[in-house]
Amino acid sequence: MTGRRNAVGDYLTQLLAVADAEVAKLIHDPWDLVSRAVQPILWLLLFGQVMAHVRGIAAGDGSYIDFLAPGVLAQSVLFVAIFYGLSAIWERDLGVLHRYLVSPAPRSALVLGKALASGARGASQGLVIYACSALMGVKLSLAPANMVGVIALILLASALFSTFSLVIACIVKTRERFMGVGQFLTMPIFFASNAIYPLAMMPDWLKAIARANPLSYEVDALRSLMLASGHSQFGVGTDFAVLVGCVGVLVIVATRMYPRLTE
Amino acid sequence: MTEPPEAEPSANGPLVVEADSVTRTFGPVVALAGVSLNVRRGEVFALIGPNGAGKSTLMKILTTMQPMTSGTARVAGFDVARQAQDVRRRIGYVPQLLSADGDLTGFENMMLSARLYLIPAEQRRRMIHEALERMGLHDAAGRLVRTYSGGMARRLEIAQSTLHRPDVLFMDEPTVGLDPDGRKAVWANVAALQRETGAAVIFSTHYMDEAEGVCDRLAVIARGRLAAVGAPAELRARIGAGATLDDVFTTLTEEVPA
Ligand SMILES: Nc1ncnc2c1ncn2[C@@H]1O[C@H](COP(=O)(O)OP(=O)(O)O)[C@@H](O)[C@H]1O
Ligand SMILES: [Mg+2]
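Protein sequences appear in the order of chains A and B. In terms of the numbering used here, the first sequence is residues 1 to 263. In terms of the numbering used here, the second sequence is residues 1001 to 1258.
In isolation and in its complexed conformation, chain A is listed as follows:
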């Protein structure tokens, strides 16, 4: 019994050591957080305002800006998380990755520690987006259960896309190639989803892609939990199940591939 509890405690200690180091870096250099907050604000302010006047977007009951806010949150979580593969390559090039890999920490604890750090960044974006949305009149739900749900979604989505990014990094191995592939992947993930327009508006082929895109499930659950009058299309249970499943598979794959980044 005790042995078992210690093993779990040890695992968490190692996982949190990795996440804390990342958070410490953010505290030393918060400029990165500030600059990343600009993009979602611009999306809400500019894109949201213009699109609100385009007739024919079936944005459900609320206004377009209500529809957009969860999409923008999902987008900024994606953009933050997708950067983690590049940072892993960077750490490999610097030599820092060796320090992690030569330690006795299980590889999955390292991967999950990075994922959690990405979640912490995502949560800080969430704060900015909530504040900005509130100022723009988005009818947010502030019920504690919904807030907890949103935080859980941010952590899950961060884990999903940061781990996905890590897997890509382990395949392409160099910064240059990652930059190319990263651009090529991020945009389709974002645009081929329900983040900025409803599935109903899409041609069938795009709808099919969007329904296979985990980002759509994240946005769907966010719409239901973030907004006062929000509802989900797929069912929040389904959304969470899809995200947890994807994270599980990606963590297993990344755990196997991560150590090979140094070879």
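I should point out that these hints are in silico values taken from the structure, not numbers from a laboratory. Keep in mind that a hint or two might mislead.
[Unchecked claim] Not the full set, but computed from the structure, chain B residues with beta-carbon under 8 Å of chain A:
id	residue
1	T1063
2	M1065
3	Q1066
4	Q1085
5	R1088
6	Y1093
7	P1095
8	L1097
9	D1103
10	L1104
11	E1108
12	L1112
13	R1115
14	L1116
15	Y1117
Positions of the beta carbon are idealized from the N, C-alpha and C atoms, including for glycine.
Following the hints, position chain B with the ligands against chain A.
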């Protein structure tokens, strides 16, 4: 009389490194062509060879950072391929590239290592402060490592790699790029640690003078093979009276078949 290049440990402690015919190829490139080597607890062992000789590859294999193509190796009593995590618990590794994180302070780097190596929470701070003190980094503990000199960063990495009292400390060219004072400080600290903990220290270098002053035994490595293993004096005697270690090095690396 030349003996086979087989490492015969001088001391009588338990073997902490037992490498047997370790081979590593990268496509057509043979980085290691059957290296066998034994190191005992408490020994300071130098790997000397020119660039591309296979020093880093050997270290990466022994520290579980890279698989080998064939052969076997045990470190600290565990098989590097099959019991990697047990090996990792008992070794320290200072890689050729700087591995301390420049975006963290010295203290934060130490805390990261302390937690990754599962040093009990109530001992962490005390052990970190002691280690930083010993390395002469106490006053710099709160500074970002990217503001450290090369020598300070190396000393920090050694502190990070030895906090958990490893049985074997591997250091890949630990003094490359350091000024003479920096080099001296690194060796003084390693020697003190080695005396206190009785760990084996295995380091690579291409400075012969450095090896001579610090190591109990050395191996000359060239083109993925060990050309000779022995105490510095022994190897000198083998080449002839009055030979310097540089002569040993030149002679032996030229003897190794390509
Ligand atoms: N990842 C790799 N891919 C291909 N060749 C490699 C790789 N790592 C090392 N080598 C080759 O293996 C040989 C030994 O390299 P290395 O162990 O780094 O030597 P040293 O550390 O003694 O300078 C060199 O010829 C090097 O080019
Ligand atoms: Mg090398």
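The hints, checked one at a time:
For T1063(B), the shortest C-beta to C-beta distance to chain A is roughly 6 Å, which falls under 8 Å, so the interface hint holds. With a cut of 8 Å, the hint placing M1065(B) at the interface with chain A holds, because the nearest CB-to-CB distance is about 6 Å. Proximity of Q1066(B) to chain A holds as hinted, the smallest CB-CB distance being about 6 Å (cut-off 8 Å). The closest approach between the C-beta of Q1085(B) and any C-beta of chain A is roughly 5 Å, which is under the 8 Å cut-off, so the hint is satisfied.
Given the 8 Å rule on beta carbons, the hint for R1088(B) holds: about 4 Å separates it from the nearest Cβ of chain A. Contact between Y1093(B) and chain A, as hinted, is supported at the beta carbon level, the nearest pair being about 4 Å apart and thus within 8 Å. Given hint, P1095(B) at the interface with chain A, holds; its Cβ is 4 Å from that chain's nearest Cβ, closer than 8 Å. The closest approach between the C-beta of L1097(B) and any C-beta of chain A is roughly 3 Å, which is under the 8 Å cut-off, so the hint is satisfied.
The beta carbon of D1103(B) is positioned within 8 Å of a beta carbon in chain A (closest approach about 5 Å), and the interface hint is therefore held. For L1104(B), the suggested interface contact is upheld, since its CB lies about 6 Å from the closest CB of chain A, less than 8 Å. For E1108(B), the suggested interface contact is upheld, since its CB lies about 5 Å from the closest CB of chain A, less than 8 Å. Satisfaction of the interface hint for L1112(B) is found here, the shortest Cβ-Cβ separation to chain A being roughly 5 Å, below the 8 Å cut-off.
Hint status for R1115(B) relative to chain A: holds, with the closest Cβ pair at about 3 Å, below 8 Å. Annotation: L1116(B) was flagged as interfacial toward chain A, and the flag holds, the nearest CB pair being 4 Å apart, inside 8 Å. Because the smallest distance between the Cβ of Y1117(B) and any Cβ of chain A comes to about 6 Å, under 8 Å, the interface hint for this residue holds.
Of the numbered hints listed earlier, not one is contradicted by the structure.
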